[in-house]
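**Q** Taking the hints into account, I'd like the entire structure generated from these sequences.
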Amino acid sequence: MFEKTKDFHDKTNFKSTKYLNINSCGKQTHNGNGYPLLRSKGRVDYHLLYVTQGECVLLENDNETILTQGEVKIYKPYERQHYRFSPPFTQSYWLHFAGIGAEEIMKRLNLWTKSIYNIGMNENIIRLFDDIIRETTLKEHCYQSICEGKLLELLGYISRIAVSEPGINSSDKSGLIYSAIEQMREEPLKKSDTAKMAAMLGLSRGRFEHLFKEVTGLPPHKYKTKLRLDKSRYLLKNTQLNISEIAFMTGFSDPLYFSRIFKKTFGCPPTKYRESKERI
2 MFEKTKDFHD KTNFKSTKYL NINSCGKQTH NGNGYPLLRS KGRVDYHLLY
52 VTQGECVLLE NDNETILTQG EVKIYKPYER QHYRFSPPFT QSYWLHFAGI
102 GAEEIMKRLN LWTKSIYNIG MNENIIRLFD DIIRETTLKE HCYQSICEGK
152 LLELLGYISR IAVSEPGINS SDKSGLIYSA IEQMREEPLK KSDTAKMAAM
202 LGLSRGRFEH LFKEVTGLPP HKYKTKLRLD KSRYLLKNTQ LNISEIAFMT
252 GFSDPLYFSR IFKKTFGCPP TKYRESKERI
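Residue numbers (this note's numbering): 2 to 281.
Hints may contain errors.
Listed next, with one range per pair, are the computed distances between beta-carbon atoms [as the list claims (entries may be wrong)]: (1) Lys28 - Thr272: 56 to 62 Å; (2) Lys265 - Ser116: 50 to 56 Å; (3) Asn32 - Tyr79: 29 to 35 Å; (4) Lys238 - Ile127: 40 to 46 Å; (5) His142 - Arg109: 27 to 33 Å; (6) Glu188 - Lys28: 27 to 33 Å; (7) Leu190 - Glu105: 31 to 37 Å; (8) Pro78 - Glu141: 41 to 47 Å; (9) Thr266 - Thr114: 42 to 48 Å.
Quick list of in silico lysine-lysine cross-link-like pairs, BS3-like style, CA-CA up to 25 Å [said to hold, decoys possible]: (10) Lys227 - Lys108; (11) Lys42 - Lys16; (12) Lys227 - Lys214; (13) Lys192 - Lys214; (14) Lys19 - Lys140; (15) Lys77 - Lys12; (16) Lys140 - Lys12; (17) Lys227 - Lys192.
These aren't lab readings, by the way, just hints derived from the structure by calculation. We put the CB at the ideal spot given by N, CA and C, even for glycine.
**A** Here it is, written out as structure tokens:
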């Protein structure tokens, strides 16, 4: 059980009139018994606690809950906080944020109803925490704006990974697949790793491929090819690049294969497509 603990008083506990603002953040390592921390009235901002090694014991409603490696706890404003880190070694990240848009963001990302999410040891989450810590430490020009963007990305990744497979409704399906499509659009020439993309969304590869086809009508690899071919049509219509150049620019190493798949998809070879557009 927890021993009696005095209230912990924070110097960075304040509201913000900005849309989103990071009040404080850091990475901490605990050796030994780990100190108990109590905020009987919580804080006025939101608190993310992400355990990357060991365990953190939470005391909530006189019951102990174990926060294990890869789990994140989200405290809302004014929510009582009472926890300690278990021996012999625990490592965690923490971040406090506020802002007039914070509640809207948390609800939009479906991070409002639950407070504990199992997101695993995710390299993107860790990278973003480290980036925010570095920016807030160095305080270089425009660091606040950079941190706001990274916080939004961090929350987005937590939401994406935390979505569970069972009982996904149609709206959630579209949201999940749309995020994957956006990633494909941002990097159309990069080879897609379907298994990695599925893992980032918290889905098995088979489940991801099934949902992707259900939403788009195409499996992921064919949808990626469609994006590349759509780009090639734009280049044929709006540039004077030759067919080989367009093939290479859209990720096709063989111009003959590009022409063949273009004709199969659109009913005419690239040269004929360009000629038809020139006559319009």
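**Q** Just pull the numbers of the violated hints for me, sorted ascending.
**A** The structure breaks hints 8, 10; every other hint is satisfied.
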